[in-house]
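Student: Let the sequences and hints guide you as you build the complete structure.
For the protein sequence lines, the chains are A and B, in the order given. Numbering follows our numbering, in which position 45 of the first sequence is assigned residue number 45; successive positions increment by one, without gaps. In our numbering, each residue carries its 1-based index in the second sequence increased by 116.
Treat the hints as calculated values from the structure; they're not laboratory data. One thing to keep in mind: the hints can contain errors.
[To be verified] Stretch-level coverage of chain A by chain B, calculated; a stretch enters the list once three of its residues show a Cβ under 8 Å from a Cβ in chain B:
no., segment
1, 47–54
2, 103–109
[Said to hold, decoys possible] Straight-line distance between alpha carbons at most 27 Å, and here's what the computed DSS-like set of lysine-lysine pairs gives:
no., chain 1, residue 1, chain 2, residue 2
3, A, Lys108, A, Lys73
4, A, Lys108, B, Lys125
5, A, Lys70, B, Lys160
Don't be surprised by glycine CBs; every beta carbon is placed ideally from N, CA and C.
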Amino acid sequence: AQKITQTQPGMFVQEKEAVTLDCTYDTSDPSYGLFWYKQPSSGEMIFLIYQGSYDQQNATEGRYSLNFQKARKSANLVISASQLGDSAMYFCAMREALNSGYALNFGKGTSLLVTP
Amino acid sequence: NAGVTQTPKFRILKIGQSMTLQCAQDMNHNYMYWYRQDPGMGLKLIYYSVGAGITDKGEVPNGYNVSRSTTEDFPLRLELAAPSQTSVYFCASTLDRERSPLHFGNGTRLTVT
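Tutor: This is the structure in structure tokens:
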């Protein structure tokens with residue numbers, strides 16, 4: 001079974017600084033995909049970024065980038081130039097094959113607070 | 117496009133009552149999911165569907181039932197509600213493509229007392 005671990009329950013960062021949110025995973029599948037989601041206090045789940053295991057480059061989307069280290073089985077999210085609106089829960093998830101399809105298996109999340 | 121629409125947003129149930137959480141998507145996605153999120157936890161998969169007429173259990177299916185009679189709708193039924201079912205429920209959908217993210221509804225906050 002696949003496992004996603006987010007070891008940082010809470011993180012603080014000052015506005016305009018960069019922050020790294022950790023995610024490690026465990027899988028025996030050679031092909032897999034990793035997703036990051038943001039959940040603000042309003043509760044909705046917002047997709048941020050995707051990394052495929054065979055992608056040649058680390059994924060980037062605007063201020064979000066992934067520090068993907070396949071050998072270490074880590075896919076850390078880097079948020080550059082933090083903004084107050086980045087304060088939220090952040091979830092790492094892995095695509096998991098099931099009996100008749102697939103789903104995302106989520107970590108427990110990291111709470112990020114951006115301070116002025 | 118409305119995306120994924122969940123109703124209701126909030127609900128309070130008494131122990132033993134039943135209810136149906138509604139979920140509809142207008143993106144012609146074949147995959148649909150129900151997750152629950154307990155405080156301080158990630159999302160746990162309850163049920164999923166890969167197309168109309170096909171459903172399967174996830175990690176935490178006990179106490180729930182689903183049906184998928186159309187591509188658009190994927191209702192979640194709670195029978196004999198218990199306090200352990202107090203949670204936030206998310207419906208999601210996606211295409212069957214490797215890089216496709218899940219699109220989530222805004223959630224239903226359910227309290228069973």
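Student: Next step is simple, just say for each hint if it's right about the structure.
Tutor: Going through the hints against the structure:
1. Counting residues of the segment 47–54 of chain A whose beta carbon lies closer than 8 Å to any beta carbon of chain B gives 3, which meets the minimum of three for the stated coverage.
2. A stretch counts as covered by a chain when three or more of its residues have a beta carbon under 8 Å from one of that chain; for the segment 103–109 of chain A and chain B the count is 7, and the coverage holds.
3. Taking the CA atoms of lysine 108(A) and lysine 73(A), the gap is about 17 Å. The hint holds against a cut of 27 Å.
4. Pair hint lysine 108(A) plus lysine 125(B) holds up; C-alpha atoms about 23 Å apart against a cutoff of 27 Å.
5. For the proposed pair lysine 70(A) and lysine 160(B), the alpha carbon gap of about 25 Å is at most 27 Å, so the pair holds.
Hint compliance for this structure: every hint is met.
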